[in-house]
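Engineer: From first to last, the protein sequence lines stand for chains F and B. Residues in the first sequence are numbered from 1 upward in steps of one, following our numbering. Residues in the second sequence are numbered from 1 upward in steps of one, following our numbering.
For the record, the hints were derived by calculation from the structure and aren't laboratory data. Predicted model only: the values in this text are computed from it and were never measured. Even for Gly, the Cβ is constructed at its ideal location relative to N, Cα and C. Misleading hints may appear alongside valid ones.
[Said to hold, decoys possible] Pairwise CB distance ranges, derived in the manner of DEER restraints:
| no. | chain 1 | residue 1 | chain 2 | residue 2 | range |
| --- | --- | --- | --- | --- | --- |
| 1 | F | THR139 | B | PRO399 | 19 to 29 Å |
| 2 | B | SER140 | F | THR139 | 36 to 46 Å |
| 3 | B | MET1 | F | ALA19 | 11 to 21 Å |
| 4 | B | ASP257 | F | LYS258 | 28 to 38 Å |
| 5 | F | ASN268 | B | HIS179 | 52 to 62 Å |
| 6 | F | ARG220 | B | ASP141 | 41 to 51 Å |
| 7 | B | ASP301 | F | SER224 | 13 to 23 Å |
One letter stands for each residue in the lines below.
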Amino acid sequence: MSKPVILSIAFHILIFVIASVGLPHFAKDIEPLEMAITVEIADLAEVNRAETPPMKPKPIYNNTDNVPDLIPLKEVDAGDVPELSADPPKALPKLSPPPKPRNKPRRKPKPVKPKPEPPKDEVKPVEQKDFTSLLRSLTPDEPEEQTTTAPAPETQENVSQVAGFAKQMTRNELSDLNRGVQPCWNVNAGGKDAHSLIVELWVFVNQDRTVREVQIINQRLYNSDSHFKAAAEAARRALLNQQCSTLNLPPEKYDRWKKFKYIFDPSNML
Amino acid sequence: MHRVLLLLITILIISPAAMAQEMVATITQGTFKPRPIAIGNFHSDNPELDNLARDIPGIVRENLEKSGLFRMINSNAFVQTPNSIFREGIRFPEWRATGSETVVSGSVTKDSSGKSRVEFRLWDVVSQQQLIGMAYTTTSDNWRRIAHIMSDEIYKRITGEQGYFDTRIVYISEKGPSHKRVKRLAIMDQDGANHKYLTDGSFLVLTPRFSPETQRITYMSYRSGKPRVYLYDINTGSNEVLGNFPGMTFAPRFSPDGKKLVMSMAKGGNSDIYVMNLKSRKVTRMTSNSSIDTSPSYSPDASQIVFESDRGGTQQLYVMNVNGSGISRITFGKGRYANPVWSPRGDLIAFTRMYQGKFYIGVIRPDGSGERLITNAYHVEGPSWSPNGRVLTYFKETPSGDRRSARLYTIDITGYNERWLRTPNDASDPAWSPLNP
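With the rest of the complex left out, here is chain F (with noise of 0.2 Å):
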């Protein structure tokens, strides 16, 4: 056989060795994940939630004598912490008086005030009010009665920007997901900057759908930034919080969601 021919033929069984071993992800991408979608009368409200089993929260420890080891005390001498005095104002030298102005400045009226109005209300004792609305704003030609604007449901686009995941999972699935963690997410609503403080975490999940282990994957601003901190730990708190510790996944995509990142993004909320 000639050298070009044996090339060629070398050549041919490399391609198909390769073919073999890395094409097969692209056949599994081609299952018609929407089959069931096509079943028109179906609630799929129904549909979806036919497999999941009831939820079950399951403790994460359950060694109750796993208590950590205390970390070494902060010690602060706060013995010349002082103690607090304000005494009242020196009483104060005879001043001389003012040299008189050549020219008496005419004084600017001072602005006037609305004339008063009697109040409608009297002043009510102060409540703890439900936090319905993340940022209050009054508007002037209404009463004080705060415009609660609940929060924008997840939409469409956002959904749809996820990527990777999106393509495994149907849109219902992931507002599932979402929608089992948000009611365990608390967002400090007034913190500086709290709309830019987005958290990503590694999130290792069991086969019953129970959280095992998360991470925060930015680890140095963690370690910087008290702001990001905080943000960071109420969006683990978020996950391993036993009302909200066991996700809603369908459990025949495990290896799809054993594990992924999750963004928490509240830059929609503020």
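Guided by the hints, dock chain B onto chain F, whose structure is given.
Structural biologist: Coordinates of chain B only, in the frame set by chain F:
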């Protein structure tokens, strides 16, 4: 040919790896509610210290609850006593069942010198770890300050923001009918404790302003009918006159480093902004306009000044560079804007707004966007920021017969958690101190 072959092989090898990328999900909606925290009494083996073991965490509970960011778990739901926590540590699974996210434990002891040693630890129940642990040694009389310092540490660790509990508020105490009102300068802790009067009421005092860096205030006084500005050091009690300022209606405000004062003065029938160097007492003019420019306030980085002016035809807010250049208007709403105060965080400016016979306290970003009115009343004004820029204090007045009733309030910048700050008499013109040194 060989290069094309190599490129093709590379692409085919990489493609499977690329398809195995990690899954990503994004959540954009959460909630905003007070964080549940359990703070029980501290442990103490010494009966003499039982009061401290009860009172110190009591103040911490009050501080955190009043901030509006924390919800106290009812002590009836506690699963461990202070003694149990001290000896066995935190039993996390049981505490999780109470619904608390964090638990505070502590103890009080006496050292060999007779000083009290107070230690506390903050625990994350959900992730089962200690967040902070601190110990303080001081005299027993100083227990309130220890509680406030402790509150600040807990607040900062959980929210990421500096606390504001170890601070004080200076204000004008008012008593008597409107035509014979007695006004005195007064000071108290931010929770209303340790109240003291600083003047005797024999002369009119107005608008105290706190230095952001030092324990000094300026205030206006009309002793002998003449308006003078005084500089008063709270720690030393020294009180000096900065000068006579005819036509001045508000006391000056300090620069962020406490070395300068910015003020408005009327000269020649015109009111403009001036800066005084406290060391040299040199006064420099910042604005020169035929309008009324008044009520200036520095930005926390000392690069800009916000003030009110009617140069545009109505009373609005303007921002300029610290050298007087680059004046730009930031408010355009109906009504009149006044008393701007820049937040120590730098992200917001608080102001008073008057519209259709009502007064409002609002906040706005320095670029003029995001205006929000967070409270209103028959008469409300005089906002002052907590040192962490999270809370505002102000006063509200309501007419009552021939007199007015004036009270101090605090409110979170979200517009929630408005609280009455009780004082012995009527109160106005609050000024919030920086954190105590």
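Engineer: Need the list of violated hint numbers for this structure, in ascending order.
Structural biologist: Those not satisfied are hints 2 and 4.
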